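Using the sequences and the hints, build the whole thing.
Positions 1 to 85 (full-length UniProt numbering) are the ones given, in order, by the sequence shown.
Source of the hints: derived by calculation from the structure; they are not laboratory data. Treat the hints loosely; a few may be bogus.
What the hints assert, rightly or not - The calculated label-pair distances, taken between Cβ atoms and stated as ranges, are: (1) Thr47 to His14: 12 to 22 Å; (2) Lys7 to Gly70: 12 to 22 Å; (3) Ala40 to Leu19: 30 to 40 Å; (4) Pro21 to Lys62: 16 to 26 Å; (5) His18 to Thr60: 26 to 36 Å; (6) Asp58 to Arg31: 29 to 39 Å; (7) Pro85 to Ala40: 17 to 27 Å; (8) Trp69 to Thr3: 18 to 28 Å.
Model, not experiment: these values are computed from the prediction. Where is the CB? At the ideal position from N, CA and C, for every residue including glycine.
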Amino acid sequence: MLTVDGKQLDVEVHLMGHLQPIDGSFRWYGRVTANPEVIALYQSGHTEVQVRIPGGLDRTGKLTELDPWGNARITGSGRPPFPYP
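Spelled out as structure tokens, the structure:
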């Protein structure tokens, strides 16, 4: 689920992440499956979103680009929205 300005959007998100060995930070990233509302948000400049997945935490991410099929790339840093040891 993505939340923008209090509005919740049910979307499909595929996420992964890794620990940066140089600075020790965790970077997570992935794709939001094509969704007309997400495309409209990105195109209007609303790129900061809250991400929540079942069993995870609310985390702030940023929509960074759209691919030719309408999927949105999302990135974030720090503790991810998915369970991580």
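| message | Holds or violated: the 12 to 22 Å window for the beta-carbon distance between Thr47 and His14? | response | holds, 18 Å
| query | Does the Cβ pair Asp58, Arg31 satisfy 29 to 39 Å? | reply | violated, 19 Å
| query | How does the Cβ-Cβ distance of Lys7 and Gly70 compare with 12 to 22 Å: does it lie in that range? | reply | Because 19 Å falls inside the window, the suggested range holds.
| said: Verify the CB-CB distance for Trp69 and Thr3 against the hinted window 18 to 28 Å. | reply: Since the Cβ atoms of Trp69 and Thr3 sit about 24 Å apart, the hinted range of 18 to 28 Å holds.
| said: Verify the CB-CB distance for Ala40 and Leu19 against the hinted window 30 to 40 Å. | reply: Since Ala40 and Leu19 have Cβ atoms about 34 Å apart, the given range 30 to 40 Å holds.
| field | Satisfaction of the hinted span 26 to 36 Å by the C-beta atoms belonging to His18 and Thr60 | value | Given a distance of about 19 Å, which is not inside 26 to 36 Å, the answer is violated.
| query | Are Pro85 and Ala40 spaced within 17 to 27 Å by their CB atoms? | reply | violated, 36 Å
| Supplied distance hint 16 to 26 Å, evaluated on CB atoms of Pro21 and Lys62 | holds, 23 Å
The structure shown violates the earlier hints numbered 5, 6, 7.
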